[in-house]
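**Q** Each chain sits in its own coordinate frame; assemble them with the hints.
Chains as they are written, first to last, in our numbering: chain A, 3 to 282; chain B, 95 to 383.
Worth flagging that the hints you see were computed from the coordinates, not collected in a lab. Since we're looking at a predicted model, the values are computed, not measured. Backbone N, C-alpha and C define an ideal beta-carbon position, used for all residues, glycine too.
Quick list of the computed label-pair ranges, beta carbon to beta carbon:
(1) Gln-227(B) / Ala-247(A): 54 to 64 Å
(2) Pro-231(B) / Ala-247(A): 48 to 58 Å
(3) Met-216(A) / Arg-208(B): 58 to 68 Å
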Amino acid sequence: MSQMHDSTGTAGATVRLPGTWSIGLRRVRIELLQFARDREAAFFTMLLPVLLLIVFGSAFTGNVAPGIPFSQYFLAGMLASGIVYTSFQNLAISIPQERDDGTLKRLQGTPMPKASYFVGKVGLVLVIYVVQVVVMMAVGVTLFDVHLPSEPADWWTFTWVSVLGLLCCTLLGVAFSSVPRSGRGASALVSPIVLVLQFTSGVFFQYDELPSWMQQMAALFPLKWLCQGMRSVFLPDSFQRQELAGSWELGRTALVLTLWSVAALVLALRYFRFRRRDDT
Amino acid sequence: MLVHVTLADSAVSVHGLRKSYGERTAVAGVDLDIPRGEVFALLGPNGAGKTTTVEILEGYRSRDAGEVSVLGVDPSAATPQWRARVGIVLQSVTDLSELTVTETVRHFAGYYPRPRDPDEGLATVGLTGSATQRTRPLSGGQRRRLDVALGILGRPELLFLDEPTTGFDPAARRQFWDLVENLAGEGTTILLTTHYLEEAERLADRVAVIAAGAIIEVATPAELGGRQHAEATVSWTDPDGGARRSVRTAEPTRTVTELAASLGGEVPDLSVSRPTLEDVYLEMVGLQG
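Chain B with its partners taken away, still in its complex shape (with noise of 0.2 Å):
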């Protein structure tokens, strides 16, 4: 019990994590530590060794080697009760296709101890609308909200979310990150994987590079990569000529003051910019790479 007291406020605790299939490594040596209700962003190339290491948390995968408990408990030995604490989001199933959504929350709901109102699940999602609809013919972005509706009804404290929005229009993402935030926001712990940078930037407390099958960074979306103190690019138009010119500083302001002056007030196409979450991650990836 002594090992549960220190993790007393992990909602998921890894320390070195192994897993092999036959002669390739898929994760070497993961450490990882999520304190209760954090949205924590998993990134990494295809291979890396991502849903592995989630597919372990969530009990579906065996391990070789490594400490893991998530909500107090080894997912290797999970049980009915555990199960019932953690929802779970999978990538790309297609299941329950002859069943109307109204019909598969309902069904689902009768498993869990304490679970959500199935119409409020859908309501939760935006999927009252198509509650009469079967879902087979569901888009791509509705049959994902249907699975977060069966991941959130039993009230998890945990939600994994396996790289959710694949295949969404823009304003589909964008109503997913709101229905994210919500979650978040009531309290709900969630560990979400990704392909998509700008969706751990909005979402995520946390971030952590995987590849190769190890951490190379955990921190900020802010502070990925030392992100915050990269210098700056300053550019603008020259007024003689129209050349676009560009300068890296690490002071941007006084650059700005400068140019105000020389140029005599307005400077022509003004940007600042510093490297992305993405530029900053290609970066980090390209040299494991």
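So that you can see chain A by itself, here it is in the shape it has in the complex (with noise of 0.2 Å):
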């Protein structure tokens, strides 16, 4: 290589280019425009759990524990799966899709500083995230009679375990997406993935009564973590008998989803590409 790359900048030096908190800002406002108007990913991300949340909250409608219904339980479940949909599901795909039609090959050649990008999709998760939550709520609410927590201590932990896990979560969603080899073979990849974990870390069956060796294999994984945490926000402590360990475990929660969050960034940081494996 030549090493003329001392005076990079030289000529242009005095040119002061616009932030990369102003790009990615205005990057938040495009990932939104293009996901609102994407209907298929409009579709797995935002209605699909709502119509889960409808189909197994109208079909299993006995108790998990005395005086507490599935539907309370299963609310739980969904809005911790909520954070796996909007932040690794989106991202993990989303992202192999852009690398393929030419997205991020246009955006490497433009002055936008990489990290903008990102703040992008941290933005567009939040906001879908939020609206999410918002939908399920409502839903759960009006359909189910779920009953949402009054004490401020239950809306911080909803609030920490979000936000933690969307982290976690999309920082796992970008790491990911340098497996599949093409935009199209993403989703193919990626949902049976997330499908299983909802099946074993306690989504669509109730945790304490799966065999304890898918017990175990999803402990590994944080969406176990999230949907205990969620628990521990949506149903009464008297609950906590029926949890494994006999408690909501809320910091071995937060144990976990940072560990993942940094085993997330270091092969983030190392995998990701702008480009496609064979276009190097």
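**A** Structural data, given as structure tokens:
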């Protein structure tokens, strides 16, 4: 390699470029606009969870414990799933598609700082999560008589579990986006992973009734801990007796999500690519 | 810094550029020098190394060897500052399909320190009439104009056009050529790759022919392959019997004068032609292949 880059920017150094945050906020807007107009993404990320909530909530009308209807348990699981849908599933599918259709190549050819692209993605994830939470809670309350927590402490737990979960699953989605070979293959790869985790982590079935090998496997992944964190918000404290550890284990939830976040950050920094593997 | 003094008037300067993909050599020692303000066309068959060369200059690909300077900067160390001075029009991208034309140009204008007015950019490429349309249903030619509008939004000093008119109908191609000529008239240096020899002839100040990863010749379109000195072909229809006759000659004027004298006036169906750029080009790349 020649050694000319010591002079990088000498010719243009006097020109002030728009900042990372200002371009990042423009990206949030454009990401939201594109998401809202992309019917497939809107369906999988926004409508499907609500449909699942309605179907499962109507089909299973029993109690998970005396006085606690399944719908109360299921809403907690679906809100945890919502974190995974809006961040991990959304990004692990849409980034490979953007790698295929030229979005990332075009952006790479502009003066946009790469960090601005991720600011846009984080903004997108936050906004659609908030909308999804509001819709799911509204459906839960109006159709299934779900009780929302009244304690500020519960809402605080809800907030930090959401934020830490979104951070963790966003990083995982960015890291995982380098795995699918093509945009078309991405959803076939990502959706089954999410589905299997939902079945084993206590979303569709009651976690304490699963076989123990399944419980142990699920406990390695974030979704089980997100579900448990959400149960601590939406179920009465008396339900703690039915948890495997006999408590909500909020400290351990925070620890597992943090460890996954760090691992995903390392993987994303190491493996994230703006270009397809066959295009370098 | 000494290197840059010698390159001060070069938009692009390449020496000994090499790039292999595993066993396959894509670029085998390319040298190029493109002065500022020039329209330069890179011609060559598929797989000759055109796109690899251009993508190295655009900062998209790494290289194995050679010195590369684009606007005085090594593109392998591309910074946003440098990116703001370079415009890139890529081949066949299908992104942004859910946005309208106006939304797209307004968004991308925000990336640059002193962008063109987005509406003016659309007018420049003749897309004002489609401003409120989504990009998905745009025709191939309109889509390409949008790509060019995005490429010139930042008022680039150097514009890369990679096979810009592939799939255009003849009218759209001619409009596109006018657009490129206008940009060149504003002083933008343009590096164009194309499969259309007519396009290179119309637009380029100089053309380079690349085959099997190496530059065969760099010349003006009129001079490529010794074209200006090539023998001309004089053809006419024989008045006795109507047979088509033709001779190759280095002195077509003398041939025509003699013909006119011998036929006693008007020569039926007279034509005088020299090899086209395409003839010369095909001969050059054919020799390599």
